[in-house]
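Please put together the full structure from these sequences, using the hints given.
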Amino acid sequence: MANQRHQSGNKPKATPIKIYSFKDALWPGPVRLTLAEKNIKEVEVIEVNLAVAENFSPEYLKINQHGTVPALVIAKTTKILDDSTTITKYLDQNYPGTELYPVKEQSIVDHWIKQAHNVDGNLLAISSANLDELKQKKAFVEKFLGGSFKGFGKIHAEARYCILPSETKGNAIDPECLPTS
Numbered sequence: 001m002a003n004q005r006h007q008s009g010n011k012p013k014a015t016p017i018k019i020y021s022f023k024d025a026l027w028p029g030p031v032r033l034t035l036a037e038k039n040i041k042e043v044e045v046i047e048v049n050l051a052v053a054e055n056f057s058p059e060y061l062k063i064n065q066h067g068t069v070p071a072l073v074i075a076k077t078t079k080i081l082d083d084s085t086t087i088t089k090y091l092d093q094n095y096p097g098t099e100l101y102p103v104k105e106q107s108i109v110d111h112w113i114k115q116a117h118n119v120d121g122n123l124l125a126i127s128s129a130n131l132d133e134l135k136q137k138k139a140f141v142e143k144f145l146g147g148s149f150k151g152f153g154k155i156h157a158e159a160r161y162c163i164l165p166s167e168t169k170g171n172a173i174d175p176e177c178l179p180t181s
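Take the sequence shown: its position 77, counted from the start at 1, is 77 in full-length UniProt numbering, and no numbers get skipped.
Below 30 angstroms or equal to it, Euclidean Cα-Cα: the simulated DSSO-like pairs (lysine-lysine) are:
| hint | residue 1 | residue 2 |
| --- | --- | --- |
| 1 | 18 | 41 |
| 2 | 62 | 76 |
| 3 | 23 | 137 |
| 4 | 89 | 62 |
| 5 | 18 | 62 |
| 6 | 41 | 104 |
| 7 | 41 | 114 |
| 8 | 79 | 114 |
| 9 | 23 | 62 |
| 10 | 38 | 62 |
Since the hints were derived computationally from the structure, they do not count as laboratory data.
As structure tokens, then:
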């Protein structure tokens, strides 16, 4: 796991929170946006490389038994929060700056968060300009997912990758996606 310190000033300071993240993962995104929006600098961001299954290491499972990112560790209490909504609400309530969860709007914010969590996180949409670009992206996805999930082999072997036509890009259709008669 790689450390990236985000601190203001030159003096070393105790980091009050640590956030375990992976820059290419979906759910750490709201946490990173909250850090930026509220200009929170005294945080240690530790990258957990999901592509090589660091999230299933015994070290990380002690931090987050679910093996998911993000996770936030509050140094003074050693309390651990392990979901993006709880983490962003904690950051909003405990750090100055823009109020991201205004009391008057809480039910609306909660509604849209719930809607976002209903999106299938396993849905993978890839846009590409041509078949060569699709092949490059397919190779990346296969490498990324192939080493991350136990039991993914069967699904991975049967997976079909398609380029669907786009009126704006004029993409071609991958011949492998065409029905066979």
